[in-house]
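Undergrad: Modelling step: build the complete structure from the supplied sequences, incorporating the hints.
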Amino acid sequence: MMPFTMPSLIAVDWWALGAVIALSVGAMLLLVLEFVPAPPASNRGAFVTLLALLAAAGSVLEVRDARRSLFDGMFLHDGFTVFFTVLFCVIGAVAVLQSWDYVKRTRINHGEYYALLLSSTLGMVLMAASNDLITIFLGLELMSLALYVLVGFRRTRLDSSEAAMKYFLLGAFASGFLLYGIALLYGATGTTNLAKVAMFLADSPMIGNPMLIVGGLLLLVGFGFKVAAVPFHMWTPDAYEGAPTTVTGYMSAGAKAAGFAALLRVLLVAFPPLMSEWRPILSWIAALTMTVGNVTALLQTNVKRMLAYSSIAHAGYLLVAVVAGGLDGGSAALFYLAVYSFMNLGAFGVLALLGRGAEERVTIKDLAGLGFRSPMLGLAMTVFMLSLGGVPPTSGFMGKVYLFSVAVKAGLIPLVIVGVLNSVVSVFYYLRVTVAMYMQEPGAEPVEIAWAPSAAIAVVITLALTLWWGVQAQDLLTTAQRSILGLL
Amino acid sequence: MMHDIPLAWMLALSATVFVIGVVGVLVRRNALVIFMSIELMLNAGNLAFVAFSRALGSLDGQVFVFFVMTVAAAEVAVGLAIIVNVFRLKETIYVDEINLLKG
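Going down the list, the protein sequences come from chains Y and B. Note that this note's numbering has the first sequence beginning at 1057, numbered continuously upward. Note that this note's numbering has the second sequence beginning at 12, numbered continuously upward.
Just to be clear, a hint being listed does not mean it is correct.
Going by beta-carbon spacing under 7 Å, a handful of chain Y positions derived as facing chain B [said to hold, decoys possible]:
1. Met1221
2. Gly1232
3. Ala1239
By construction, these hints were calculated from the structure, which means they are not laboratory data. Heads up, the beta-carbon is just placed ideally off N, CA and C, and yes, glycines get one too.
TA: Pasting the structure below:
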């Protein structure tokens, strides 16, 4: 038995933990505040959430240059952590702005909504910062449990509850795989610390050890569920369709980025020695994910569901970057995640504005004529769709160019061919939305647009980022490269 | 020691429990039974952790079990609430009959 030493609280670097502290204090504060009665139209929750997110992003930027290891190497504060913490906080802030009016309109304005939003953001931050399989598991569960509830937040509606149940059952199923994978890896290597796993594998290459292989595969299954990679994607369309639209946007950006953050750290820190094993597997998954996602998206009439399949397809593109690996692949993945997050958030933000009260008008037919009835909204949606399809001069184009060029450099020509063909296919269904907005007459009952100042700010932020990164991608690219450096 | 059970036996038990859990999730249609099967999978993981912890002579694995049990308890709270809510609205928890969302 190893000697048991009490971890010293004084030695903890509180600044490096600032984001975690701000988010957890914010979440708890929101729950306590629920004891103080507030009018139904109160913005209290949204305010506190925004403040907590700002504090978290600010504190992590305060110490961004220092690489620190906390809690016996379980929690790492490095460029990678800073990148993702800021990304999650901004995603969260945009989601709050989108939710501000939406939750009141759909009568789900409870303090728990924002508390859960903060908890899941905290889970995402922990996933990105963890350097230990167990803390990754804890972060993932914190994020997922909060998201299960958020998906079912419109609890008087069957679609929302059904989505929550499916998401929950499949998500928990995936957690089971992930946990068993972690247990097997612990048995095979004697540690769950990613750096120590890497050292162990480098010292004694035990490639043939079945426990290690099975453990790694189970881990991939678990992460595959979380990032919605085929064949573990079945929950995605249902969960995305049934969830409140603002939650859909938030989870499509945040949960996916968090899943990829953890996957990148695990693969690039712990498992480079096994690269020849996981590369072919992930290549197949990537090709399948892109193809199935895009082809199924073609058949959808509900835009939320279509975007769900589109997000599956984007997970496929991201997996290409992961397969490429190394400094280039990692920075391409980070770049693409940032770009994807905001164009997707923007698209769902526009959808969240459609409909009166709690009704949901998100089919392609509902969008008919929107471009003339609300030029601003039509323009924004068009830009998001073009960006998702990878058309210049949008950020989605830059992301795809960088991602595929990195993949070519890594010698993944077949994957790039599949990816480019898929991009072409995807433009078709993204353009269907644009065609409906500009070339079709609105139906008998045109959809009502629920404008609100906060939602308009969210649209402007996401639109500006999508266009800005389309023409001026250098800064983000440099940041992504710098952030990934600490990992390797 | 008389009570020394070989690691392989413990792992075999844990793997069996895990497979029962996986099969349960895949073949049963009652949300509660699916949920119980998922708990079996988590507990199989716990069992493997404890077994490895003993074999490796490190306490880490046993500590992780506490984390996992806490997570599993939180999962039960959330999961049962979701399932109860579905039952309230639909009066069934058979996943085949809960099929509003598709396409």
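Undergrad: It remains to establish, for every hint, whether it holds in the given structure.
TA: Structure-based check of each hint:
no. : hint    : verdict
1   : Met1221 : holds, 5 Å
2   : Gly1232 : holds, 3 Å
3   : Ala1239 : holds, 4 Å
In summary, this structure violates none of the numbered hints.
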